[in-house]
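Visitor: Spelled out from the first residue to the last, the chains are:
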Amino acid sequence: MALGWAGLYGPMALGAIGSMIGCSLAGQAAAGALLETETGHGRYIGISAMPSSQSIYGIVVMFALNRDITPENAPGLAGIGLLCGLALMFSAIYQGRSCASAINVSKIRPEIFGMSLAPAAIVEGFAVFAFIFALVISAGIPA
Amino acid sequence: MADYYTLVTCLPWLPEQMEKCTQLPLSRIALNRRLSMLNVEDQRRLAIAEALYHPTQTDTQPDRERVQLWQKQIAELPSIVLQDVITQRLEIQTLLAALRYRRRPNTSAEHFYGYGRWTEWIRHHWKEPLFALETQIDPLEHWGELFNNGHTGDLQFQMDRYFWQQLLAVERSHHFSVETVVSFVLRWGIAERRLKSDADAALADFQTLSDTLLHSSGIQQQLNSLFEDMNR
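Protein chains in written order, with the working numbering: chain A, -16 to 126; chain B, 19 to 250.
In isolation and in its complexed conformation, chain A is listed as follows (with noise of 0.2 Å):
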């Protein structure tokens, strides 16, 4: 039961610790970027905030597995919730990552803006992979 309720909690929460810390990591990033650029601010700043849409799928999952908790469905939402969880938090972390890149190179070459984000939505890609796929298996659940 108890392994029931990570699940249904679990895509929220990891989802949020993965958005904090990719958030944090381009943030910074961005801070410096500030420090060394005189135009541009704006666009660094927005980057920065690209590995929040973790949280947002995480939301969507909970609410998606939000049921009565039994002993027939608690290892089905463990399962589904906790992987899935999972795979938001990478992802937003190493999303966080690719824009802290993306920040420093476009720092220098501005006309590669566009291009340096490419990795980054990359991983946005998978994350929205994790996140449809848990919805389409939590219909399963029973309820």
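Wrong hints could be hidden among the right ones.
One side only, chain B facing chain A, incomplete, derived with CB under 7 Å [what the hints assert, rightly or not]:
#	residue
1	Tyr23
2	Thr24
3	Thr27
4	Cys28
5	Trp31
Derived DEER-like restraints, expressed as beta-carbon distance ranges [unchecked claim]:
#	chain 1	residue 1	chain 2	residue 2	range
6	B	Asp21	A	Met98	19 to 27 Å
7	B	Leu42	A	Gly62	53 to 61 Å
8	B	Glu146	A	His24	54 to 62 Å
9	A	Ile91	B	Ser97	19 to 27 Å
10	A	Phe46	B	Gln101	48 to 56 Å
11	B	Ala150	A	Gly25	55 to 63 Å
12	B	Ala150	A	Val88	40 to 48 Å
13	A	His24	B	Ile47	18 to 26 Å
So the derived list for chain A, only partly shown, Cβ under 10 Å to chain B, looks like this [what the hints assert, rightly or not]:
#	residue
14	Ala12
15	Leu17
16	Tyr27
17	Arg80
18	Lys90
Hints listed in this document are in silico derivations from the structure and should not be mistaken for laboratory results. For each residue, glycine too, the CB sits at the ideal point set by N, CA and C.
Use these hints to put chain B onto chain A, whose structure you have.
Guide: Just chain B now, with coordinates in the frame of chain A:
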């Protein structure tokens, strides 16, 4: 080991090619202000790395003691990559010292003392033109030619360029770590030394030029006539 996201992104850009660095992007005071983001231990290690990589001419310690001190200091550096970079710098310095030492009269291999894995090898291959180390360091043959022809300025330039590229490779292969910061600061040190020596050379050229002009006949005649007019 700490990550330095803010510090790395607030460091200015240094060109990939050393020769394109015609001015320092910020002063040493401004750089130090940014480097204060390093934790105390990393600041101390950075100071050690800088002292080893950019040694001052005032060091009068005997060779043996100096080498022992270097070994102790290198062991304190935070990463193997930085240890390798600085070790290689000191080994090349040892190689250059051996070439210079060999040129002096009444010297022998037994009395030569240096740092690193090649010291014993150098003693064994004392009679070889480049101590049979051509296969170990790619540009050594070219450096040897410059050294033998007395082109010390060019030699220094080529060596600086070699170290610059080496540090750039370390900087690019480590992101937001102390290695990135130390490599940048060492590269900044190379640029600073080169630009300072350029300024010194420019000043020396100016002095020579002004001395030459002052001693040239035209100006001397004008000065003489001016003095004569004043005496009348």
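Visitor: Among the hints numbered above, which are violated by the structure, and what are their numbers in rising order?
Guide: As far as the earlier hints go, not one is violated by this structure.
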